[in-house]
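Novice: Residues per chain are reported as follows:
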Amino acid sequence: MSEFDPTRVGLPSHQDLINLRIWDLHFHGFDVMEAVLPYIRRMGIERLFCLDIGGWGDDPETRRQETLQRKKLERWRDLVFGIIRIDPTRPKASLEKMERWIADGPAVGIKYQGGYREDISCAHPNNDPIIERANELNAVIYIHTWLKVGGDPRHVGGGNNRGESTPMDVAKLAERFPDTPLICGHAGGDWELGVRAVRPRTNVFLEFAGSDPFSGSVDFAVKELGAERVVWGGHIESRSYSNELSKVFDADLMFKQRKQILGGNLRAIAHPILKTKGYRIEL
Amino acid sequence: MNRREFLKGTLATTAGVACFAHAASTEGSASRDGSGSGWIIDTNVELFGWPHRELKYGATQALVEKLQTHSVRQAWAGSYEALFHKNIDGVNRRLAEECQRNGRGMLAPLGTVNPVWPDWEEDLRRCDEDYGMHGIKLYPSYQNYTLDHPNFEKLLRQATDRGMLVQVAVAMEDERVHHPRTVLSAVDTQPLRDTLNRVPDARVMLVNPFRHVRGNELRALVRETNVLFEISNLDGTGGLERILSGSHWYLPVTMPLERLVFGSHAPLFPLENALFKFMESELSKVQCEAIWKENAGRFLATASMKSDNRRQNRSQP
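Residue numbers (our numbering), protein chains in the order written: chain A, 1 to 283; chain B, 1001 to 1317.
Where hints are given, some of them may not hold.
To be verified - Below are the EDC-like pairs computed for lysine to aspartate or glutamate, each with C-alpha atoms no more than 16 Å apart in a straight line:
1. K223/A / E175/A
2. K71/A / E118/A
3. K1154/B / D1130/B
4. K71/A / D52/A
5. K72/A / D5/A
6. K148/A / E1173/B
7. K148/A / E1121/B
8. K148/A / E1175/B
9. K72/A / E34/A
10. K148/A / E192/A
11. K1285/B / D5/A
12. K172/A / D128/A
13. K259/A / E282/A
14. K1285/B / E3/A
15. K1154/B / D1119/B
Derived by calculation from the structure, the hints in this document are not laboratory data.
Next comes chain A alone, as it looks inside the complex (with noise of 0.2 Å):
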């Protein structure tokens, strides 16, 4: 451990981030586990939920890393939560992989990552089946948003990548499934107007994760959406829980506040889930 004691420069200690309970929605970091661990423990952070479970495909190599992964899943069953990637201009497989990973396996969740061979959102009917079957299995949802400026004539969105959903793609879906938790990731993209496009659909939890931090963006966020709409993520390794913290003690929150952001709210999301899967979880 470090001798720097950071409550000298005003930002919280280890223990205090402890108590905070840490849930980080965003962990790209499994391959590079080892290198990583050091700064997850060092930062205090509670558990981890992997985005990159299981792969596309069924040639071999494919297999064997879906196998590698399951073992090490069990592993670190402790600190790391699996979630799956699905892919809307395949739903039929889609449900295949839900089946193998979350209803038979050891996955949690699934996420809707974008550019995929067509362009299909998460707000296209194809969801529709993928949707229903992540409920009744009690998944997390997490679909990655962003709002890039560019096109012609250039406009916010106008620059995202084919299949890529926007907020507000997650409104539309979550408009046809009221009952829903949907979590949107990467607070949008552009935080100003994705707070403000999922802001209607109660159902919808916005991320903040894997984008600049801007001072002010969480205060704007519980001001819209409320401390219990708000989810974080540390977006390990390109970048940083310096980065995605930083957003969260910039804002003006109570105790209580950041609890519910910083894994609260998440913990409450997946409780059903992880009970079924003989997790026992403290709320």
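Fit chain B to the known structure of chain A by using the hints.
Specialist: Just chain B, lined up with the frame of chain A:
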């Protein structure tokens, strides 16, 4: 704050710091309520209004209070007005006045100069002689020129002759979330290396560099120049310790310790972002102090010393 006072304040930060477990209790310290004296030099803050949003710590007094709460002793302040205003001298004058009026003695103004607009040399002279600024902060992508423009080299020479440091803002905001009517590219730093070969005494610091200055360009800047790199957008898990040890995830360089300086990019970014990096990385006291204050202090002192020598030489018969 004039240049002499400013340099004195910078050097004062070389006193011991109190955020290490073994630091003596008599050393300077800051507290959560903002009282006491800090030790960090924040080389990257701005004053006035960000063009696209009202900022939480956008008012100077609120920003100063926030900086003091987090142990910042001195902050080098540019102006958001520099991004789009055409009356550059008005920008610089207001900045100097605001630092004087509401800076509580801790804000050092860095005026700006647009070397492709008329009478820019007079703007530089006023920054130096009228406003007593110790350096300038350039925003080439907003001010619409590239670093291979011949006037950029002229500006660098003249600033160096005056003993002024030069900051270059590589970017201000993730280009993916720009307003659709704002079409801006990050600064291409490639021409800077040749220019610095021709102006080797120039003291240049890149602010907000790490989103765009990567790969071979980063390696070349480290190897071929003496520019400093400000850390506010040095991301990647454990970014500080990993770039220092040459094991950063995507920045393929072993960064010498003396080339990194503390900066927050406040009030656009949370100050906590830069500070948490020192918790996330396992750093020695020597490494922390170098980045917090000593590198910036040395950078400034070198520029000022050269300026004093030149002035002395000029005054000799």
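Novice: Hints first: check each against the structure and report whether it holds.
Specialist: Okay, the hints, checked on the actual structure:
1. This hinted pair does not check out: K223/A and E175/A have alpha carbons roughly 22 Å apart, beyond 16 Å.
2. Between K71/A and E118/A the CA atoms are separated by roughly 33 Å; this puts the pair beyond 16 Å, and the hint is violated.
3. A threshold of 16 Å between alpha carbons decides the hint, and for K1154/B with D1130/B the separation of about 20 Å lies outside it, so the pair is violated.
4. Using a Cα cut-off of 16 Å, the hinted pair K71/A and D52/A holds, with the two alpha carbons roughly 14 Å apart.
5. Restraint check: the Cα-Cα separation between K72/A and D5/A comes to about 34 Å, which exceeds 16 Å; the hinted pair is violated.
6. A C-alpha spacing of about 13 Å is found between K148/A and E1173/B, which places the hinted pair at or below 16 Å, so the restraint holds.
7. Annotation: proposed proximity of K148/A to E1121/B is violated, straight-line Cα distance about 39 Å (limit 16 Å).
8. Distance check on the hinted pair: K148/A and E1175/B sit about 8 Å apart at the alpha-carbon level, within 16 Å; holds.
9. Distance restraint check for K72/A and E34/A: the Cα-Cα separation of roughly 12 Å lies within the 16 Å cut-off, and the hinted pair is therefore satisfied.
10. Distance check on the hinted pair: K148/A and E192/A sit about 13 Å apart at the alpha-carbon level, within 16 Å; holds.
11. Proposed proximity of K1285/B and D5/A is supported: the alpha carbons are some 11 Å apart, at most 16 Å.
12. Between the alpha carbons of K172/A and D128/A the distance comes to roughly 12 Å, so the proposed pair stays at or under 16 Å and holds.
13. Under the criterion of a C-alpha separation no larger than 16 Å, the hint pairing K259/A with E282/A is consistent with the structure, at around 13 Å.
14. With a C-alpha separation of about 8 Å, the suggested pair K1285/B and E3/A falls inside the 16 Å cut-off, and the hint holds.
15. At roughly 13 Å between alpha-carbon atoms, K1154/B and D1119/B fall within 16 Å of each other, so this suggested pair holds.
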